[in-house]
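With the sequences and hints as input, model every part of the structure.
Now for the letters of each chain:
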Amino acid sequence: MGLSIEKVSKAFTTKTGRIDVLDQVSLNIEKGEFICIVGPSGCGKTTLLNIVAGLEIATDGKVLLNEKEISEPAAGINIIFQELALFPWLRVIENIEFGMRIAGVGKEERRNKAEKYLKMVHLSDFQNSLIHELSGGMKQRVAIARALTLDSEVLLMDEPFTALDDQTREDLQLELQTVWMKTGQTIILVTHNIQEAVFLADRVVVMTALPGRIKCIVDIEWERPRHHNDSHFSLYKANMIKELQEEMRTIAAME
Amino acid sequence: MPQWNKTTVEIIRKLAFYLILIIVWELSYHFCVEVLCIWKPYSFASPIAVLRTLTGLITDNSLSIAILASIKRIAQGYGISLLVGLLVGLIIVKFKYIGENIRPLILGFQTLPSIGWLPFAILWYGLNESSIIFITAIGSTFSVIIAVESGMKNVNPLYIKAARTMGAKGIRMYTDVIIPAALPVIASGLKQGWSFAWRALIAGEMLCATVGLGHILMMGREVADISQVMAVMSVIILLGLAVDKLIFAQIESKIMHRWGLEQGPL
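Residue numbers (numbering that gives the first Met the number 0), protein chains in the order written: chain A, 0 to 254; chain B, 0 to 265.
These are calculated hints, taken from the structure and not from any lab test. Hints are all accurate, no fakes.
EDC-like cross-link-like pairs, simulated, lysine to aspartate or glutamate; straight-line CA separation at most 16 Å:
hint : chain 1 : residue 1 : chain 2 : residue 2
1    : B       : Lys-253   : A       : Glu-132
2    : A       : Lys-6     : A       : Asp-19
3    : A       : Lys-6     : A       : Glu-66
4    : A       : Lys-236   : A       : Glu-220
5    : A       : Lys-181   : A       : Glu-32
6    : B       : Lys-160   : B       : Asp-175
7    : A       : Lys-214   : A       : Glu-242
8    : B       : Lys-160   : A       : Glu-71
9    : B       : Lys-160   : A       : Glu-55
10   : B       : Lys-160   : A       : Glu-82
11   : A       : Lys-106   : A       : Glu-93
12   : B       : Lys-168   : A       : Glu-71
This is how it looks when you write it as structure tokens:
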């Protein structure tokens, strides 16, 4: 059970030839696990996420969710894009209700649920705002709330906090941890920020670029809830980051 | 209040501009027609004469009858063009094969002045109301089609991707994502279409109507009353401007605000 990525390869044919973006990537993820994928740009992180989301088809291999193959966007899997893709023509609360409205959830039920998740991401006061009126961090929260309402088993996040300032990023990492501990979803988060990966993940998956392969998987044994200023842990965190940075460096040296 | 003062100043500045324009008009009438006699009196009217004729047209009700007739026609013609334009636009976007091949044809038709359709319309419907409505409709249909098509084709693919992962497909994808996302482009197409329809209507009325703004404009020529010609022209310009500013500009700015596009290019 859970999510399993089995020998997934992806190649694009361009004018100049064939590019192998992913090469035989395999990964088993248990239900409720928090996975972070780190790697240099061009390692196929986003492509892998799109394949898991059913938005792109793998050239070879397959993705199974609870033994069922994913070949198109499925109800059990949701994705938050790097650019968020919030709809500017809808107000905040309507954005959050979007998926439920498509699914045919009744008006009252979806309003209640949307309000619940808005509260969870601390945006209750902004439910009638327009998207362009929000700050970057607030937009990110809306996107998270919108994804949560669908109760999907797996939530994919593509560099969600990259564009934010340090303080907002740390706040949102904490909030994401809280939300995840409440909902028990499986989360796969792609990032190029090692600290972020260490802070959030149960396991950090390190990838190499061209072709994208899994270099190593590092377990993060750190009790939850985690805090950015856990003093007894900062040493461990530093070691972890050092280790990962070395991995990244060898990857960079190989290129 | 300083803000009130600011708007008042703004209004006075605007009024002053138009006042100067009217003075220039009056002066050029005075010198060219009355003093230098280089323009014939039947070829140019003074603003006072135009105003007098306009008052006459208003008091004997001929202007309001004409305006009502024209508005009725444009409502029908423009309404038809919206329906046809949206439908054809949707079909073109939905069916790639038709879209690819019909595009140049539509662009070609768009360049044909709508009055060029009048002989065709007359042979179909005769010299009557339907012909005028036909050319009014045809005047804006192609603008609407092009706007619908380019608006929907250029929707950010990310919106579609996101909607797909949230379960949207088929008709819901159109009604809930593609059409709203395309609205800013569609709205400016509708505005452009309206001005094409308005021009086509006046042209049509000049040639084959027994009532309407185009008709009383032509009446002015027939009785060689330049003040009537200029009075009706002003009414046509003012009405066109009013609809543009009070209806279409409002809709457009509402959409732009909502979509957060005010500063950015479309």
